[in-house]
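> Take these sequences, add in the hints, and give me the full structure.
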Amino acid sequence: MKFPVEITVNGVKRRSEVEPRLLLVHYLRDVLEITGTHVGCETGICGACTVHLDDEAVKSCMVLAVQADGCSVTTVEGLASDGTLDDVQQGFWEEHGLQCGYCTPGLLMSAHDLLRKSPNPSAEEIRRAINGNLCRCTGYQTIVHSIQNAAQKMRAKKPAAAKQVQPAKLRTSKRKREQRRPATV
Amino acid sequence: MIPSKFDYYSPATLQEALSLLSEYGDDAKVLAGGQSLVSLLKLRLASPRCLVDLGSIGNLSYIHEDGADNLLIGAMTRYAEIAESKLIAEKCPLLRQTALVVGDVQVRNRGTLGGSLAHADPAGDMPAAILALKADLKATGPKRDRWIKSEDFFLGMYATALEANEILTEVRVPVLNDRQSAYLKAARRPSDFAMVGIAVCLKRAKNGTCEDVGLGVTGITDKPYRPQHVEAKLRGQKLDPAAIGAVAQSITEGIDVNGNIHASPEFRAHLAGVYLSRAIQAAIGS
Chain G
42 MKFPVEITVN
52 GVKRRSEVEP
62 RLLLVHYLRD
72 VLEITGTHVG
82 CETGICGACT
92 VHLDDEAVKS
102 CMVLAVQADG
112 CSVTTVEGLA
122 SDGTLDDVQQ
132 GFWEEHGLQC
142 GYCTPGLLMS
152 AHDLLRKSPN
162 PSAEEIRRAI
172 NGNLCRCTGY
182 QTIVHSIQNA
192 AQKMRAKKPA
202 AAKQVQPAKL
212 RTSKRKREQR
222 RPATV
Chain Z
20 MIPSKFDYYS
30 PATLQEALSL
40 LSEYGDDAKV
50 LAGGQSLVSL
60 LKLRLASPRC
70 LVDLGSIGNL
80 SYIHEDGADN
90 LLIGAMTRYA
100 EIAESKLIAE
110 KCPLLRQTAL
120 VVGDVQVRNR
130 GTLGGSLAHA
140 DPAGDMPAAI
150 LALKADLKAT
160 GPKRDRWIKS
170 EDFFLGMYAT
180 ALEANEILTE
190 VRVPVLNDRQ
200 SAYLKAARRP
210 SDFAMVGIAV
220 CLKRAKNGTC
230 EDVGLGVTGI
240 TDKPYRPQHV
250 EAKLRGQKLD
260 PAAIGAVAQS
270 ITEGIDVNGN
280 IHASPEFRAH
290 LAGVYLSRAI
300 QAAIGS
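For the protein sequence lines, the chains are G and Z, in the order given.
Just so we're aligned, residue 42 is where the first sequence starts under this note's numbering, counting upward by one.
Just so we're aligned, residue 20 is where the second sequence starts under this note's numbering, counting upward by one.
Please note that the accuracy of each hint is not assured.
As the list claims (entries may be wrong) - Taking beta-carbon pairs under 7 Å as the criterion, some of the chain Z residues facing chain G (in silico): (1) M20; (2) P22; (3) Y27; (4) V57; (5) G74; (6) D123; (7) S210.
Rather than coming from a laboratory, the hints here were simulated on the basis of the structure.
Here the structure is a predicted model, which is why all the values come from computation and not from measurement.
Glycine included, C-beta positions come from ideal geometry on N, C-alpha and C.
Right under this line is the structure:
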């Protein structure tokens, strides 16, 4: 039994038919072949598979692809533009926020989620915000520095916007689409 | 780590969801945010024949007042929304404080209040707060709605008072006008489930004694529970450290306390008493 889904990934609308048991992370990696998002523990602990679903950080191994139907997904590939790293990536690059790099795609997406809500986070706030992302190399010290570095870059660019805190919106009508029924039974 | 096959439905209305539950009965599972259920599916601890996803039903996510000193919260309201709601922060800060310590950011962005309660994890955070608040839970069935008291809702490990053809649709919590509250949990790491979690919601008389108190306990036994015998002992007490300490250890009286690699039954029972004292003092200081 397969279901049609339409998911906007990094700004591009993708239509596929998927088994309902397919996880979002496997949809991204195996169906769309966008492999920047890593599979780590697959049990919702490590955060390596973190992506943005409608602009919020989620673990893509904890979401079924069918649940993302009608939503937009941003992966680590969606951060850089024209080969130029974005502020958070650059922040990690400069402060050596990675060694093996396995956790990095997830940490970049979690860092973005934090900095969207809190443009000038304390070290403690950063540590709390990334407690869903495990890194086995760095001891987190340089990751915290990296996120502080990124925050500084982002504030320097948008001094006015940096003061705004956007609360999560209540999703009264999450998806506009027809009720899904199996495409093939 | 791939779930076994299931039929999947994403009904647009509650009525359709309810008729699917009536059709499939115990073979169906209701999917909310999926932060517990998707794990169970992957580990194949749950292999339902049918999954009914509530994600397309638009009107299950809201927070508003009912005009009678209560807040009504839709079951699909996510933790992040509870944590960031001004109405909750002002009228029922215990829910905000609890939502902020559930799992990690990613879980809070997806996980829902209703999902947490209906899943009934014996160490879930939200059930403790809901018990301390003496909240009511609305079960919607094919023919009617019924309200279930939080103290009657949790029956055992992952077991609730919901019938197989009912969906938890709304939670009603009191506005905490003159009440003070706190939720404290002991966990090895911040994103872990509680080894012990204690929620307190109390009202003090003018002379500082405890006029009324609600307690919620999680992580201790096979279900979250409300220790009414401790509430009774605290009523009328002065709430100084000595008075609290005198009743604190009775919080696990008559309870079959869990032991595992994180905490032996003895240590967990000890923690429960210590955290009860701390939670009451945190509530008073709130």
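> Hints broken by the structure, by number, lowest first?
Violated hints: none at all, because every hint is consistent with the structure.
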